[in-house]
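Number of protein chains: 2
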Amino acid sequence: MITGKNYIGNQLSATANRTFKTFNPLLNIENDWNITEASNSEVNQAADLAAEAFKTYSKISGATKATFLREIANEIEALGDDLLEVYSSESGLPNGRAMGERGRTLGQLRAFANHVEEGNWVEASIDTAEPDREPLPKVDLRKMNIALGPVVVFGASNFPLAFSTAGGDTAAALAAGCPVIVKSHPMHAGTGEMVASAVIKAAEKTGMPNGVFSNLNSSGIEVGQTLVQHPKVKAVGFTGSIKGGRALYDLAAKRDEPIPVFAEMGSINPVVLLPKALHNRAEAIAKTYAGSITLGSGQFCTNPGLIIGIKSQGLTNFVNNLAEDIVKIEPSCMLHPNIAGAYQTNKKNALAQSGLQVLAGYEDSVEPNYARQVVTTVEGDTFLNNPTLHHEVFGPFSLVVQCENKAQLETIISKLEGQLTGTIISDDNEISEYPNVVNALQNRVGRIIFNGVPTGVEVCPSMQHGGPYPASTDSRFTAVGVDSIKRWVRPFSYQDWPNELLPDELKNENPLGISRLVNSVKTTANI
Amino acid sequence: MITGKNYIGNQLSATANRTFKTFNPLLNIENDWNITEASNSEVNQAADLAAEAFKTYSKISGATKATFLREIANEIEALGDDLLEVYSSESGLPNGRAMGERGRTLGQLRAFANHVEEGNWVEASIDTAEPDREPLPKVDLRKMNIALGPVVVFGASNFPLAFSTAGGDTAAALAAGCPVIVKSHPMHAGTGEMVASAVIKAAEKTGMPNGVFSNLNSSGIEVGQTLVQHPKVKAVGFTGSIKGGRALYDLAAKRDEPIPVFAEMGSINPVVLLPKALHNRAEAIAKTYAGSITLGSGQFCTNPGLIIGIKSQGLTNFVNNLAEDIVKIEPSCMLHPNIAGAYQTNKKNALAQSGLQVLAGYEDSVEPNYARQVVTTVEGDTFLNNPTLHHEVFGPFSLVVQCENKAQLETIISKLEGQLTGTIISDDNEISEYPNVVNALQNRVGRIIFNGVPTGVEVCPSMQHGGPYPASTDSRFTAVGVDSIKRWVRPFSYQDWPNELLPDELKNENPLGISRLVNSVKTTANI
Chain A
1 MITGKNYIGN QLSATANRTF KTFNPLLNIE NDWNITEASN SEVNQAADLA
51 AEAFKTYSKI SGATKATFLR EIANEIEALG DDLLEVYSSE SGLPNGRAMG
101 ERGRTLGQLR AFANHVEEGN WVEASIDTAE PDREPLPKVD LRKMNIALGP
151 VVVFGASNFP LAFSTAGGDT AAALAAGCPV IVKSHPMHAG TGEMVASAVI
201 KAAEKTGMPN GVFSNLNSSG IEVGQTLVQH PKVKAVGFTG SIKGGRALYD
251 LAAKRDEPIP VFAEMGSINP VVLLPKALHN RAEAIAKTYA GSITLGSGQF
301 CTNPGLIIGI KSQGLTNFVN NLAEDIVKIE PSCMLHPNIA GAYQTNKKNA
351 LAQSGLQVLA GYEDSVEPNY ARQVVTTVEG DTFLNNPTLH HEVFGPFSLV
401 VQCENKAQLE TIISKLEGQL TGTIISDDNE ISEYPNVVNA LQNRVGRIIF
451 NGVPTGVEVC PSMQHGGPYP ASTDSRFTAV GVDSIKRWVR PFSYQDWPNE
501 LLPDELKNEN PLGISRLVNS VKTTANI
Chain B
1 MITGKNYIGN QLSATANRTF KTFNPLLNIE NDWNITEASN SEVNQAADLA
51 AEAFKTYSKI SGATKATFLR EIANEIEALG DDLLEVYSSE SGLPNGRAMG
101 ERGRTLGQLR AFANHVEEGN WVEASIDTAE PDREPLPKVD LRKMNIALGP
151 VVVFGASNFP LAFSTAGGDT AAALAAGCPV IVKSHPMHAG TGEMVASAVI
201 KAAEKTGMPN GVFSNLNSSG IEVGQTLVQH PKVKAVGFTG SIKGGRALYD
251 LAAKRDEPIP VFAEMGSINP VVLLPKALHN RAEAIAKTYA GSITLGSGQF
301 CTNPGLIIGI KSQGLTNFVN NLAEDIVKIE PSCMLHPNIA GAYQTNKKNA
351 LAQSGLQVLA GYEDSVEPNY ARQVVTTVEG DTFLNNPTLH HEVFGPFSLV
401 VQCENKAQLE TIISKLEGQL TGTIISDDNE ISEYPNVVNA LQNRVGRIIF
451 NGVPTGVEVC PSMQHGGPYP ASTDSRFTAV GVDSIKRWVR PFSYQDWPNE
501 LLPDELKNEN PLGISRLVNS VKTTANI
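Just so you know, the protein sequences line up as chains A and B, in that order. Residues 1 to 527 (UniProt numbering) are what the first sequence spells out, left to right. Residues 1 to 527 (UniProt numbering) are what the second sequence spells out, left to right.
Any given hint could be a false lead.
Copies of one chain are not kept apart here, so a pair can be met inside one copy or by any two copies together.
Stated by the list, open to error - Calculated lysine to aspartate or glutamate pairs in the DMTMM-like style (CA-CA distance at most 20 Å, straight line):
#: 1; residue 1: Lys486; residue 2: Asp474
#: 2; residue 1: Lys55; residue 2: Glu404
#: 3; residue 1: Lys243; residue 2: Glu404
#: 4; residue 1: Lys201; residue 2: Glu433
#: 5; residue 1: Lys415; residue 2: Asp48
#: 6; residue 1: Lys507; residue 2: Glu123
#: 7; residue 1: Lys138; residue 2: Glu458
#: 8; residue 1: Lys59; residue 2: Glu204
#: 9; residue 1: Lys522; residue 2: Glu123
#: 10; residue 1: Lys415; residue 2: Glu257
#: 11; residue 1: Lys522; residue 2: Glu117
#: 12; residue 1: Lys522; residue 2: Glu118
#: 13; residue 1: Lys254; residue 2: Asp474
#: 14; residue 1: Lys486; residue 2: Glu123
#: 15; residue 1: Lys59; residue 2: Glu410
If you're looking for bench data, these hints aren't it; they were derived computationally from the structure.
Between the sequences and the hints, there should be enough to build the whole structure, so can you do that?
Following this line, the structure appears as structure tokens:
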């Protein structure tokens with residue numbers, strides 16, 4: 001079922017002789033299948049095919065792209081339980097999560113299908129000519145978004161479906177009209193191949209050009225580096241660590257022709273606990289956060305790794321309750337021994353920091369690759385003076401910072417690195433007493449949450465997933481929701497172009513019936 | 001009138017003792033006024049003030065920003081003829097051009113005022129909660145564009161008003177809610193100070209926070225480098241050379257926190273002459289292009305530096321006519337001796353390339369700093385094999401490439417670097433015989449023109465000014481038109497946020513009456 005080969009366009013290919021295996025963290029054994037590393041010539045072939053496919057694929061209609069995207073969703077569904085089994089055996093994630101993530105993946109593909117079929121996303125704008133204008137005649141100008149070129153997608157370790165092979169980045173790029181080359185995540189390369197086979201089947205069924213999609217395997221960094229530096233690659237999407245994302249960003253920035261890299265990276269997702277809220281419901285908040293911290297073994301980019309409050313009886317109650325609740329939760333399996341190992345190392349490093357106190361940690365013996373959750377606490381001063389404490393410990397780890405006063409709370413927030421999210425836990429009107437806290441938090445995050453938890457990323461148009469660096473490399477874009485298509489397009493203007501040669505989106509007769517800005521007025525009317 | 005001082009927020013300041021002078025290229029003498037270099041501490045003060053001003057300025061309403069922007073325009077107008085005189089004495093550009101460029105500058109400021117007053121630019125999006133959704137409740141999410149932070153603007157040498165102190169970049173950034181620090185162009189620092197005084201007056205009259213605008217003088221590169229590396233600076237706008245833009249881009253990419261740099265750089269703006277058009281009207285095309293090549297001494301980023309055709313009698317006629325016409329045009333003064341000198345050097349370097357033939361050049365003696373125009377020609381093969389010929393010679397220089405056939409024409413276009421514009425000169429239906437030429441050209445440019453000239457950039461919503469690298473550092477944005485505001489903003493989401501604390505753009509009652517995407521439907525209705 002799993003060949004372990006790469007997809008170079010529509011062809012399975014394995015010309016190199018280096019292979020690797022994926023790992024089942026639940027069983028603590030390697031999976032059976034061998035995955036073949038992509039060779040340099042396969043990388044080049046994939047890039048050449050993508051550049052060639054771009055010539056036609058970038059021009060096909062939104063309706064045709066929608067058919068393709070929906071067919072990808074159908075083909076992934078058709079993989080049935082086999083996909084879910086491989087998913088779990090390569091990630092240790094339970095069947096319920098697998099089903100949920102598959103549903104999200106299909107939903108994203110179909111949402112992008114609807115988005116490009118509806119067609120307004122191209123932001124068509126038309127300014128008609130004024131040949132008699134004085135002192136100079138005005139030309140006819142028409143603008144719309146067009147595809148950037150071949151896009152390389154690096155899948156995420158923690159979302160083998162929704163942020164990997166046919167996940168959000170791929171769906172957005174294909175919707176935009178960009179061929180995609182996936183650098184498959186080595187931890188779930190088998191899952192990746194299965195999904196890639198679905199994409200290829202869909203491409204063939206719907207008549208897409210060969211090269212619109214390729215899937216390359218690699219357990220090292222060279223294939224990714226070569227792709228990011230390849231002159232035919234025009235943009236990069238990445239989900240993963242700060243170190244990995246920054247390395248790719250740096251490579252792309254050093255190219256003769258720099259290209260955009262949208263990397264969604266680390267975040268500790270600060271949660272601010274206001275005093276009245278703590279006074280009134282410390283216990284309930286602690287219970288909610290014990291759940292949020294340990295959800296999915298803490299392996300979410302929106303995991304709340306930092307909780308900040310002002311010293312009070314309420315905060316003490318919260319801390320005590322959190323300590324009690326956190327150890328009641330059964331540990332769960334992490335994605336891979338390497339991730340479990342990194343969690344151990346990073347946790348140990350954090351715990352070794354001077355002034356850090358462990359509130360509670362799960363101590364019973366656990367299965368291999370299972371993560372023992374821990375919550376810790378530290379004084380505001382200590383936190384401010386130790387940058388190590390500002391860094392993410394990927395896993396079920398959280399740090400409660402106890403501030404001396406409101407001023408220190410503000411200072412701490414303003415010194416945080418960029419984050420995906422920030423949360424404020426407040427009593428009904430309490431938050432209005434903290435305008436500076438809210439402002440400071442807003443400056444550091446992409447999404448701000450009132451009385452909730454940061455985990456759980458709704459896929460909808462109003463979701464912003466991406467924040468100031470290092471949450472992402474370019475806070476001007478989102479990685480989730482249909483607006484993520486904007487990462488892979490550029491505006492393009494036609495001046496005095498013959499009507500019959502314009503794309504349908506810009507023709508006088510508006511054959512697609514889309515909403516356009518015509519002489520600065522939004523309308524679906526003809527010209 | 002001109003103090004030569006820097007504006008550090010609302011205060012004139014000159015703490016350093018190094019000064020420089022601007023130059024009148026028409027008279028070939030230095031201008032009277034001394035300009036004082038900004039000191040390191042002034043740079044830091046400007047950044048500190050901008051970061052402080054950002055806290056309030058980023059939150060004020062679109063209507064208030066509109067008042068500020070319109071007042072800037074009024075104050076620039078109030079400078080009257082004095083401004084135009086200094087403009088001409090620092091650029092050598094004639095009064096008519098000065099008036100035109102001032103009109104454009106005022107028009108841009110007022111267009112952005114209208115844009116933010118209307119308010120739809122924030123792209124408000126609301127997805128309301130579904131507390132009863134199964135299996136998980138849906139949260140309330142609301143998204144809009146917010147300002148990035150303090151922006152540094154590097155003015156252009158060739159547009160002392162429209163792309164400098166209060167030019168397009170500054171107007172867009174102020175409209176977005178970003179304080180602006182201008183690194184004034186040293187060639188027209190007096191003009192810059194006058195415009196800066198107008199901005200400061202407007203800021204004070206309309207009650208803007210101190211630091212919303214600063215203007216720093218420097219004849220070297222250190223001030224600019226310090227600004228781009230300053231932690232409080234969050235984005236950069238630049239118009240100028242590839243070398244300068246790339247250097248700033250590289251600095252910004254190497255920061256601990258990389259920031260976006262939108263640099264609008266060089267372009268040779270290829271013009272493709274199709275055979276039938278040449279057969280029927282070689283003479284008229286030559287005449288038009290002789291004008292376009294020499295317009296403003298060729299000192300436009302849209303100057304047509306490369307003309308490409310297929311060998312034919314028509315092309316020979318065009319070349320002969322262009323040679324005749326180009327020398328009939330009176331040379332004009334360049335902006336500065338350094339620019340005139342660079343033109344001489346680059347022209348000489350180009351002319352020294354093997355296989356390059358001079359078709360015609362103005363040879364009569366000219367005033368100092370005046371540019372002698374030249375048109376040259378080369379075989380397709382020679383052009384393909386010599387990268388030097390692909391580089392811009394900033395000034396009234398153009399190269400006609402004579403291709404062997406259609407295939408070579410396509411190859412040449414596909415090998416070009418990224419460009420702001422590409423033009424196709426075609427007979428009525430001729431262009432439809434060249435789909436590959438059109439596609440190849442589209443991939444290399446940001447704006448494509450049918451039967452026109454690239455010079456003349458209309459300021460309107462449908463204008464795209466920015467193309468694949470090195471035309472600009474990020475082709476996903478434009479430097480001209482109201483959409484250029486998108487460079488300085490990021491999307492931001494509020495989750496379950498109390499209605500009364502939301503910005504007006506996202507409140508249930510839609511107090512601004514803007515168009516919003518509510519549960520995926522565009523509407524101005526309340527919720």
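Do the hints match the structure? See the list:
1. Lys486 to Asp474: For Lys486 and Asp474, the Cα distance is within 20 Å both inside one copy (12 Å) and across copies (13 Å).
2. Lys55 to Glu404: neither (61 Å within a copy, 24 Å between copies)
3. Lys243 to Glu404: Answer is neither: 33 Å inside a copy and 50 Å across each miss the 20 Å cutoff.
4. Lys201 to Glu433: Neither. Shortest intra-copy (57 Å) and inter-copy (34 Å) distances fail the 20 Å Cα cut-off.
5. Lys415 to Asp48: Between copies only: 15 Å across chains, 45 Å inside a chain, cut-off 20 Å.
6. Lys507 to Glu123: within (14 Å within a copy, 25 Å between copies)
7. Lys138 to Glu458: between (45 Å within a copy, 7 Å between copies)
8. Lys59 to Glu204: Intra 17 Å, inter 51 Å, cutoff 20 Å: intra-copy only.
9. Lys522 to Glu123: both (10 Å within a copy, 14 Å between copies)
10. Lys415 to Glu257: between (34 Å within a copy, 13 Å between copies)
11. Lys522 to Glu117: The answer is both: 19 Å in one copy and 16 Å across copies each meet 20 Å.
12. Lys522 to Glu118: both (16 Å within a copy, 13 Å between copies)
13. Lys254 to Asp474: Classified as both: same-chain Cα gap 17 Å, cross-chain 14 Å, threshold 20 Å.
14. Lys486 to Glu123: both (11 Å within a copy, 13 Å between copies)
15. Lys59 to Glu410: between (51 Å within a copy, 18 Å between copies)
This entry does not satisfy hints 2, 3, 4, going by the numbered hints stated previously.
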